[in-house]
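> Take the sequences, apply the hints, and build the full model.
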Amino acid sequence: AAGVIQSPRHLIKEKRETATLKCYPIPRHDTVYWYQQGPGQDPQFLISFYEKMQSDKGSIPDRFSAQQFSDYHSELNMSSLELGDSALYFCASSQQISTDTQYFGPGTRLTVL
Amino acid sequence: ELKVEQNPLFLSMQEGKNYTIYCNYSTTSDRLYWYRQDPGKSLESLFVLLSNGAVKQEGRLMASLDTKARLSTLHITAAVHDLSATYFCAAGGGADGLTFGKGTHLIIQP
Chain A
1 AAGVIQSPRH LIKEKRETAT LKCYPIPRHD TVYWYQQGPG QDPQFLISFY
51 EKMQSDKGSI PDRFSAQQFS DYHSELNMSS LELGDSALYF CASSQQISTD
101 TQYFGPGTRL TVL
Chain B
1001 ELKVEQNPLF LSMQEGKNYT IYCNYSTTSD RLYWYRQDPG KSLESLFVLL
1051 SNGAVKQEGR LMASLDTKAR LSTLHITAAV HDLSATYFCA AGGGADGLTF
1101 GKGTHLIIQP
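Taken in sequence, the protein lines are chains A and B.
Mapped onto the numbering used here, the consecutive letters of the first sequence carry residue numbers 1 to 113.
Mapped onto the numbering used here, the consecutive letters of the second sequence carry residue numbers 1001 to 1110.
Each hint should be verified, as a subset may be incorrect.
[Said to hold, decoys possible] Selected chain B positions facing chain A (Cβ under 7 Å, derived; list incomplete): (1) SER1045; (2) ASP1096; (3) GLY1103.
[What the hints assert, rightly or not] Here chain B is said to cover these stretches of chain A; the calculated rule only asks that three of the stretch's residues, wherever they fall, bring their Cβ under 8 Å from a Cβ of chain B: (4) 52-61; (5) 74-82.
Treat the hints as calculated values from the structure; they're not laboratory data.
Idealized CB from N, CA, C, for every residue including glycine.
See below:
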C-alpha cells in the first residue's frame, strides 16, 4: 500500500539558513499534519491542513510557514534556522471520512550546524 | 489545553511476562491512539479507539478505552523481544493535531 512520502530524508543546514521540507500524502487523503520530534522527545504538533486550508495550528514558530497545494502535497518552509531546530520532522496524512487515523511518513532529519 | 500522561516512562521486562501501560488525558477527546516507534524510525499506528469501552487486539497487544475515567491502557501479553520499542498514546485527532504522551520506552529481555 502507498505510504506518506517525505523529502529530503536528511538535510544539513547552517544557522540562519532556510530549509524546505516536502510531503506527499497517501492518495485520497485530504488532511496533512506536520510534527517536530526532538531527540528523546514526543512528537509536537506544528500545523495541519484540510482540503488545502489551514485547519489547526500548534507550536509552530513564526519563522516557519507551511501550505498545501492543489495536488494535496504540502511544504514546510523554515527560515532563520537555529540550532534548536535540529529534529526529526514528520508529515502525517489522514482521510476525514474514515477513522481518520494519522499515518506518518518516514520523516526528515534536519541538522542545523 | 489537552494534556496526555503516560506511565511508566521506562519499562524493562522479561520475555513471557505480562504488563500494562497507562495513558491518562485531561479533557474530553473523541479518539485515543496508540503508536509504536523504533529508534530513529517513523511512528507506526497500532490502534485507534473511538468510543467508551472500546477494546482492540492485535497479536500480543490489546488496547482499551474508558472515556469516563479518561484512561486508556495498552496490555502486553507474553512479551517477546520484538516488541521492544517506544509506545506513545495520543489524543485529539480529526483535522486537529494529536497531543502525545511522553512515551513508554519498553525493553524486553530474553
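> Hint by hint, note whether the structure agrees.
Results of checking the hints against the structure:
1. SER1045: holds (5 Å)
2. ASP1096: holds (4 Å)
3. GLY1103: holds (5 Å)
4. 52-61: Answer holds; 3 residues pass the 8 Å Cβ test.
5. 74-82: violated (count 0)
Comparing the model with each earlier hint shows a violation of hint 5 alone; every other hint is respected.
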